[in-house]
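S.K.: Here is what each chain is made of, one letter per residue.
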Amino acid sequence: MTTELPDHLRALDAHCVEIARELREPGMVLDEDPDAITRYLDLPAVRLQEAMLIPPRFAGETYRVGPHAFPGGSCLSRVVVMDRLAHGDPGVLLAAPGPSLAGAAVQALGSERQQSRFFERFTKEPTWTFFALTEHGKGSAAAELETRLVPAEHGYTLHGTKKYIGTGARAQTGVVFCRRAPGPLGIEAVLVDTPAPGFHGELLPILGLRGVRISELVFDGLAVDPDMVLGFDRRPSRRGFLGARQTLATYRPSLAAMSLGVADAVLDYARAARTTLSTVDEQRLGDLAGRVAVARRRVREVAVALDAGRPDRHGTSAVKLTATRLAEEATLLAVDLLGPTALLEHPWLNKTYRDVRAFEFMEGAGDVHRLTVFQGGLRDAGGGT
Amino acid sequence: MTTLEIPTTTYAARLDAAHDSVAPDTPGVVVVGPGGFAYTTPRRLAEGPSWVSAATGRRLHGGDVRPVRNRVAARYGVACVQLVDPTPGDPARARHGLLRHHLLRAHTKVLASTVELAVADLGERTSAGGPLLGRQLVQAGLADAMLLVEETEGLLDGGHDVQPAVFTRLVRGGRALLRLLGGASFLIDGPGGAVLTAEQVGTLYLAAHHDH
Ligand SMILES: Cc1cc2nc3c(=O)[nH]c(=O)nc-3n(C[C@H](O)[C@H](O)[C@H](O)COP(=O)(O)OP(=O)(O)OC[C@H]3O[C@@H](n4cnc5c(N)ncnc54)[C@H](O)[C@@H]3O)c2cc1C
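Going down the list, the protein sequences come from chains A and B.
Position one of the first sequence corresponds to residue 1 (the numbering used here), numbered consecutively onward.
Position one of the second sequence corresponds to residue 1 (the numbering used here), numbered consecutively onward.
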């Protein structure tokens with residue numbers, strides 16, 4: 001249904017292909033020093049990815065490509081952008097300032113005041129944010145999280161440790177999921193500003209995708225104002241964990257799109273570096289490129305469904321899983337084609353070979369998506385709920 | 001919670017033992033792979049290694065030793081260098097098949113240790129009131145890794161000719177195993193770092209050559 005993009009998105013697509021080229025070099029720099037992102041804040045790609053995540057009513061100026069304006073909020077536009085820009089470098093996009101997943105949580109749950117407080121910052125200064133859900137051993141089982149929100153004299157205090165949180169140690173603000181009472185309905189999402197007393201964040205040393213700057217965050221009595229509890233005026237079933245679910249559902253297509261952009265980049269790289277290919281190797285590349293194209297069509301379909309208010313949970317899991325595995329397959333194939341020195345003579349490939357493995361865990365572990373795919377298949381076959 | 005760390009020096013020691021196996025009479029051997037690249041320990045580099053070419057079996061002298069930065073391998077006590085413009089010397093009577101054999105053994109041991117860690121860690125991670133280790137999907141994943149370790153050890157113990165396909169299986173099987181550890185497997189300090197080090201070393205010395 002969405003194989004053919006409408007004209008304005010075709011213009012956006014072509015524009016992103018252009019500006020993605022500028023991301024290669026910064027990507028290599030960030031692999032050495034992820035904090036060097038501050039040098040690249042004026043890149044159009046950095047501004048565009050941020051613009052895609054800011055609701056139109058809070059945006060300073062709308063990103064334009066020729067006659068077309070691209071206000072934030074559309075999942076399909078975001079998917080087009082993240083796919084093509086990731087062809088340049090995914091780490092730069094993840095290191096860049098912007099609302100990130102935290103913005104989606106604030107949008108899903110926050111009152112108008114909370115939303116303006118959060119989103120208005122982006123028009124004033126570069127602002128980094130985090131979305132803190134995972135705790136060690138409580139990633140897939142996030143509904144069982146243990147970080148506590150404890151009543152205090154003037155509101156609450158936060159206690160616990162979050163792990164693997166993108167940009168956590170470098171952000172100015174973020175959303176923390178925490179427990180006010182037992183059970184899934186006892187989970188709250190609170191907006192916090194950092195650094196602050198009772199907050200400590202440390203970068204974790206990781207294998208690749210260093211721009212994501214995953215961190216361990218320790219909350220040791222961080223004060224939380226009652227009006228920083230997102231959606232505090234809603235029923236417990238309409239806030240807290242629901243926001244985590246909705247946020248991840250909104251973002252998975254973008255992550256899938258990024259994986260596909262990287263997969264394409266790797267296949268292009270391998271073709272350029274291996275000018276002569278045997279028929280069999282040509283077929284291996286062709287097969288993978290075909291699978292990437294099919295997955296791209298599916299990503300766009302789930303994005304259209306999401307924009308239409310009909311999120312396809314099983315389809316999204318399927319495409320997230322497929323896309324992340326394709327990116328990994330592409331790097332394995334490229335290394336195989338380029339031979340024993342592939343990781344030594346091709347620094348970009350070495351970086352990408354490490355980077356793509358992060359996608360497996362971001363926004364839900366692959367195996368958990370496999371189980372969701374099965375549930376969807378069972379439902380379609382009339383055998384499940 | 002289990003500390004998801006693999007001893008950082010074990011793989012490096014096995015790597016140097018693999019180099020030694022190639023020419024036991026020569027102290028401090030380092031086999032130089034394609035492109036003049038080699039992985040060894042910083043200690044061996046400091047002691048002044050005896051370079052032996054994997055391609056020709058000859059000793060290599062002189063040449064410029066250029067360090068190749070590798071943060072992950074360095075964490076596991078492994079250094080990478082490129083030997084540029086060495087002078088070929090006499091044949092070293094090297095037995096290169098043994099290098100392959102020892103490196104595959106070292107890689108398999110990393111996976112075996114990761115299986116042990118995974119069993120301990122997933123036994124402690126809980127979901128819906130039970131350990132993740134109780135999930136059949138997790139059990140099946142661990143069983144696959146156990147079978148891979150067992151089969152590869154069987155090939156190595158049995159003196160079979162070990163093909164590049166063995167390395168490919170270790171790479172793919174290692175990645176599937178790491179997925180069971182979730183985000184923790186993406187940390188340099190965890191088993192993910194050790195497995196990636198073995199993958200990188202293996203890519204140089206064990207991967208298949210394609211006819212370009
Ligand atoms: C680069 C990177 C960036 C990240 N960014 C963020 C972030 O910004 N914010 C955030 O909150 N988190 C973030 N994460 C964390 C990520 O969301 C978690 O790692 C992921 O959800 C998996 O959780 P876990 O690591 O606790 O693994 P676990 O949930 O413990 O899962 C480990 C393995 O157990 C198995 N398993 C788990 N549950 C089941 C089940 N029910 N049935 C069968 N098998 C099961 C699967 O094989 C799974 O792979 C990030 C992680 C990475 C690597």
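Note that these hints are calculated values from the structure, not bench results.
Here a beta-carbon is modelled for each residue, glycine too, at the ideal position from N, C-alpha and C.
Among these hints, one or two may not hold up.
For each label pair, taking beta carbons as the anchor points, the in silico distance ranges come out as [to be verified]:
# : chain 1 : residue 1 : chain 2 : residue 2 : range
1 : A       : Pro184    : B       : Ala140    : 49 to 55 Å
2 : A       : Pro184    : B       : Glu47     : 56 to 62 Å
3 : B       : Ala128    : A       : Asp233    : 29 to 35 Å
4 : B       : Gly62     : A       : Gly290    : 45 to 51 Å
S.K.: State for each hint whether it applies.
M.R.: Quick rundown of the hints versus the structure:
no.: 1; hint: A/Pro184 <-> B/Ala140: 49 to 55 Å; result: violated (28 Å)
no.: 2; hint: A/Pro184 <-> B/Glu47: 56 to 62 Å; result: holds (60 Å)
no.: 3; hint: B/Ala128 <-> A/Asp233: 29 to 35 Å; result: holds (31 Å)
no.: 4; hint: B/Gly62 <-> A/Gly290: 45 to 51 Å; result: holds (50 Å)
Violated hint: 1 only; the structure is consistent with all others.
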